[in-house]
Amino acid sequence: MELPFGVKLLLLLAAALLSIIVGIVAGILARLNDARLPDCVTRGGVAFGAAMTLLVLVLSSLGALA
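In this text, residue positions in the sequence shown follow the UniProt record's numbering: the first is 1, and each later residue adds one.
Simulated from the structure, these hints should not be mistaken for lab results.
Careful, some of the hints might be misleading.
[Said to hold, decoys possible] Just the calculated beta-carbon pair ranges, DEER-fashion:
1. Gly63 to Leu18: 33 to 43 Å
2. Leu10 to Ser61: 37 to 47 Å
3. Glu2 to Leu37: 12 to 22 Å
4. Pro4 to Asp34: 18 to 28 Å
5. Leu29 to Leu57: 37 to 47 Å
6. Arg31 to Ser60: 27 to 37 Å
7. Met1 to Leu37: 16 to 26 Å
8. Gly63 to Leu13: 12 to 22 Å
9. Pro4 to Arg36: 39 to 49 Å
10. Gly45 to Leu65: 31 to 41 Å
This structure is a prediction, so every number in the text was calculated from the model and none was measured.
Built from N, CA and C at the ideal position, the CB exists for glycine as well.
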């Protein structure tokens, strides 16, 4: 069963929002660990990228983005 384009877009938007939350939490945890600001931004960005990659992979594996 093919999902409509709007549903696929909403799934990607939900994945992006969840990844943003993961990145923010990673940056905050790095800051609480007395890391410098550039390190916190880097850790947050890496966490965002990893979470987004994982979520898109899961959605693709489930056939939601096919």
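The hints, checked one at a time:
1. Gly63 to Leu18: 33 to 43 Å: Given about 19 Å between the Cβ atoms, the range is violated.
2. Leu10 to Ser61: 37 to 47 Å: Roughly 18 Å apart at Cβ, these two residues miss the hinted range, so it is violated.
3. Glu2 to Leu37: 12 to 22 Å: Given range 12 to 22 Å: violated, Cβ gap about 45 Å.
4. Pro4 to Asp34: 18 to 28 Å: 48 Å, violated
5. Leu29 to Leu57: 37 to 47 Å: The hint (37 to 47 Å, Cβ to Cβ) is violated, given that Leu29 and Leu57 are roughly 24 Å apart.
6. Arg31 to Ser60: 27 to 37 Å: Since Arg31 and Ser60 have Cβ atoms about 33 Å apart, the given range 27 to 37 Å holds.
7. Met1 to Leu37: 16 to 26 Å: 47 Å, violated
8. Gly63 to Leu13: 12 to 22 Å: 18 Å, holds
9. Pro4 to Arg36: 39 to 49 Å: 46 Å, holds
10. Gly45 to Leu65: 31 to 41 Å: Between Gly45 and Leu65, where Cβ atoms are some 23 Å apart, the hint is violated.
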